[in-house]
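K.L.:
Here the protein sequences come in this chain order: R, X and A. For what it's worth, UniProt numbering labels the leading residue of the first sequence as 1, then goes sequentially. For what it's worth, UniProt numbering labels the leading residue of the second sequence as 1, then goes sequentially. For what it's worth, UniProt numbering labels the leading residue of the third sequence as 1, then goes sequentially.
Treat the hints as calculated values from the structure; they're not laboratory data. Heads up, some of the hints might be wrong.
Since copy identity is lost for identical chains, a pair holds within one copy or between any two.
To be verified - With a straight-line cut-off of 25 Å between C-alpha atoms, the simulated DSS-like cross-links for lysine-lysine are:
hint: 1; residue 1: Lys57; residue 2: Lys424
hint: 2; residue 1: Lys126; residue 2: Lys139
hint: 3; residue 1: Lys125; residue 2: Lys424
hint: 4; residue 1: Lys289; residue 2: Lys81
hint: 5; residue 1: Lys171; residue 2: Lys268
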Amino acid sequence: MSYQETAEFYSDLYDELFPILRSITGPGLRQSYDIFGRYMPLEICSFKSGSRVFDWKIPQEWHCEDAYLLDPEGNKVADMKRLNIEVLNYSEPVDRDIELDELQNHLYSLPDLPAAVPYVTSYYKKRWGFCLSQESRDKLRPGTYKAVVKSEFVDGTLDIAQTVLEGQSKKEVMLSSYLCHPSMANNELSGPLVLLGLYNRIKQWPNRRYTYRFILNPETIGSLSVLHMLGEHFKENMVSGLVINCMGGEPDELVFKQSRNEQGILDKLLPHLNRFGYKHSNIPFSPLKGSDERQYNSPGFQLPVCCVSRAFHTGFDEYHTSLDNKEAMGIDPLLDSIDKLEQIFLAHEQCATFENTCPYGEPNLGSRGLYPTVSMVTKERERQASELNDMRMLLNYGDCEHDTIDIANLQNKCVTDMQSAIGKLEQQSLLEMV
Amino acid sequence: MSYQETAEFYSDLYDELFPILRSITGPGLRQSYDIFGRYMPLEICSFKSGSRVFDWKIPQEWHCEDAYLLDPEGNKVADMKRLNIEVLNYSEPVDRDIELDELQNHLYSLPDLPAAVPYVTSYYKKRWGFCLSQESRDKLRPGTYKAVVKSEFVDGTLDIAQTVLEGQSKKEVMLSSYLCHPSMANNELSGPLVLLGLYNRIKQWPNRRYTYRFILNPETIGSLSVLHMLGEHFKENMVSGLVINCMGGEPDELVFKQSRNEQGILDKLLPHLNRFGYKHSNIPFSPLKGSDERQYNSPGFQLPVCCVSRAFHTGFDEYHTSLDNKEAMGIDPLLDSIDKLEQIFLAHEQCATFENTCPYGEPNLGSRGLYPTVSMVTKERERQASELNDMRMLLNYGDCEHDTIDIANLQNKCVTDMQSAIGKLEQQSLLEMV
Amino acid sequence: MSYQETAEFYSDLYDELFPILRSITGPGLRQSYDIFGRYMPLEICSFKSGSRVFDWKIPQEWHCEDAYLLDPEGNKVADMKRLNIEVLNYSEPVDRDIELDELQNHLYSLPDLPAAVPYVTSYYKKRWGFCLSQESRDKLRPGTYKAVVKSEFVDGTLDIAQTVLEGQSKKEVMLSSYLCHPSMANNELSGPLVLLGLYNRIKQWPNRRYTYRFILNPETIGSLSVLHMLGEHFKENMVSGLVINCMGGEPDELVFKQSRNEQGILDKLLPHLNRFGYKHSNIPFSPLKGSDERQYNSPGFQLPVCCVSRAFHTGFDEYHTSLDNKEAMGIDPLLDSIDKLEQIFLAHEQCATFENTCPYGEPNLGSRGLYPTVSMVTKERERQASELNDMRMLLNYGDCEHDTIDIANLQNKCVTDMQSAIGKLEQQSLLEMV
């Protein structure tokens, strides 16, 4: 097993990525892309600050050199360099003395989770602030505090990163994860790490029916930018999409959120596989929770983009707090996620809609060596007929209206069991993918 | 409460309308329209005798001055002036002596209900006759009777009456009741009285999404005439229709007969409301029973016209007899019907199909003051998110394919609970009704 | 009862047809057509050897004068003149001495059914061979055998035979059976004999709504040839098709295999009739078993062709062996099959989609003598309303979208019970078949 397949590799990469102060724009995001770029050939696409993306405007870059809050005794009660979520993400600059009463308006903490520091952002309204645990906040004494945020907003770009593995068909599978949170584990780094793992696996397949596009982007504004650039391309070519996040944590099971219209191949494949021993769960689409799949599934696009995670959909207490760390996430669940997702996409490769090129009557299979030339009915022959039956089903239902999952369902078998028959008929040019 | 909202008002109006000798044409019908015209601005539309209406011909007006049947002793065994259903409705004139044996061919009675006088009509074949109770008929002795009907058939018009309350949209709700039976209570006057009550309520709503059209017409030939005049207009604009009759009697429950194709808003709303506490019943369309909804639902029109009544669909013994009187009908059930129908049409106002005007990705709700600008996940916020969730659902499914009932169903809530979110998004021009 | 309706007739015909050495081409097939041609006016359509039919090529005619296998002692261990399936059907000529070891490659027998001679063909690869029981084969002693097949392959034609009974409509019902096996009973002669019986019945109907086409053809290559000639005609006109075979044997029940798309009238009628006392069974289409219906249901045609048989779909041990003989088949089941199929096609005559020619409102039935001109509600009248109700249903749903089976289902009655109402409305030109 190569190093890149090991838990050690993912652990090392995690440790390198975790401390970086990311936001939806700026140097932390680019630095993170550079690290992933060592292992997959990422192309960076940039969108200028201030340009419009549908109903939104690309925000300026946020550069934050330092941020801390001193109590009346000069102790750092918040310090970005200790834990980078202690500064309100996208905070405007400040350097002033302030009384505790007024300061309270700039502090964020969680009464329900008194030991945790919350992760808070204010991208679309200028504010300054600090995040701290409720326990720390309760200990603050009246007096004069000093609030320092050495940040600036700079015209620059919002960046997304992508790479493509070409397949026999231009029809495309899109896999994406977001990369914009600072020091968060499960609800941040788990997604890009699994995406990288899947890239490494799919790159090694001997052939690919579909083209695979891998995308890293800042959440929401990033997927909107992706859609601004590729929306029409996706409408034409995408057969399945998957937004990947929260791939660690305790639950053993992958949970897939279906796409809005449930018309993608993956939407259809996932419950089919469940009937034949796969253990994931499926929940319907909703625009109320989740991540970038909401943008892909907006009414103007309605793309077949699903979302996968472990704990996210049921919620986990550490979500968006300092408790979402490497220990809570774990490295092993990431490797398990990569394995399970690869198996699913291997099955996905057998899913296609075909046109029978000899649709008028049955083709003469005997003349192609696919059918016995002596016609004698014996029980033995009937027992051996499974592959021949697959071929007959594929040819009869090769009408551009049934896909291979439909045909497998008609036989009450898993689509992966038809791989051999599909291959022989494609080789004989009796089936052509539509 | 104004007089027009009281039981007394409806009781007085009933007493004024009951004795009038109505038929499908003629002075009794016009006189009745005049009385309703005091309380709603009715426009009268007239169709000339003899003109064609689809497969039918407008009949002449029937003017009947007097009608009675004298027994050999000179007693009036039938007398239109005592009870106007004692003359066969639309009877031709007669003035002759006649032996009992021959007379029997001109008498109508009900062996199953011996005390009741039946209400009988012969619009489309010329006949003369009298209606009497089976008890009276059994007492008739052989001898020479005198039959007098002082009627004439006059070229004139068939009249319908309507009024419209405009709404923001040209899309239209049609409400109709028939007014052609002589002294009948539940199966006649209850319908127009409830229609008037609904008019008074809807007129007072501060704004109306839909346009409401109220129609009074003689049954069958009248609704055919309405269709002849407005059929194409209805095909283009009608979102729901409702034929109202038999609104009195004992049963507490309104029973709605669905339209033929179950494609109207009302068809969809009625069972939706049942899931959230409304108590009415719904039965499927049938062309075998009922009233004017059969014409609206004929294959050439297939309009979304439902029918509502209390007892009619299950039948009631008094139907089309002298027993269908004020006592059997009651006034209170009419007021209850008005209340219930108003509630249903208030819910109907929240039912519409919208187009999201920012369909590419999610719109930026924060910039419009509809979304918090600080992103911090707390349990408290999740509890308050109901209206925001409604907005997200309305925007995501604002695709011209889902209406607000669909969207409410997706959330397992009543469409009336989304009123606030609908209003805010319409105000921001993020939703436009299609 | 005429002779042609008797069991004796079918028994005599069977005896004449059984010994003929048929194949998919050649003199045996033509001789069999000639015999059927005495009782139905068959038109013969011929396709030249070597011409292409879709993905196939018409094979040469096989003429086989004699075939036998002599053991070292000169005994005939196989002899075409004793039982014509003892020669491999479509065997190439041979005349040589051969040792037992080598001869074994040319022998066919059934270890599972040691007393039976199998029926084996090799149409699409040139071979010679003999079929014998496993019991006989086991007794063969080493030594020199003499194998003689006096056959030749001749450029000629492949022939199909058809006849048509015209109906009021050009819409067509196709009934077919195959005729290409040599001495086989249930899985050969039962089908054409029942087809002939149905022809005799349908010819005698006083009128026919539909046109009926009866076809005899060699299996597979014959139905492909039929499609080559009539495929476009069928696409335009066929409302139902039925491939008939294996109509004898023990099971009392007819089993229908539905067509691929289940869009034919027969597909819809068969389960409808089951709800009203008919006892046949229905199984879904599959391209894996069966006969010519596989060609008719191929993706390029997708014709509404069902298949009917008794034992075939569940399998029977005698299938394609010398045990499939008159005794196993029986004559009585053929007569029973003819009766049952006639009943089903009589019901099929009531199945059609109609357009109401007066679709705007209800037509005036009273003016046509179809409705009472006096309107008086009595219980007695309601009880008599069944036919009138049928008429109202047929008119309201005479919208080109509902057929008579749909309308019968809406009333929970059998389509055959609406015959009278259908007839009256067609006579009045209120309904027109579409």
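K.L.:
It remains to establish, for every hint, whether it holds in the given structure.
P.N.:
Now for the hints, and whether the structure bears them out:
{"no.": "1", "hint": "Lys57 / Lys424", "result": "between (52 Å within a copy, 23 Å between copies)"}
{"no.": "2", "hint": "Lys126 / Lys139", "result": "neither (28 Å within a copy, 98 Å between copies)"}
{"no.": "3", "hint": "Lys125 / Lys424", "result": "between (60 Å within a copy, 22 Å between copies)"}
{"no.": "4", "hint": "Lys289 / Lys81", "result": "neither (32 Å within a copy, 74 Å between copies)"}
{"no.": "5", "hint": "Lys171 / Lys268", "result": "within (16 Å within a copy, 39 Å between copies)"}
Against the hints set out earlier in the document, violations occur for numbers 2, 4.
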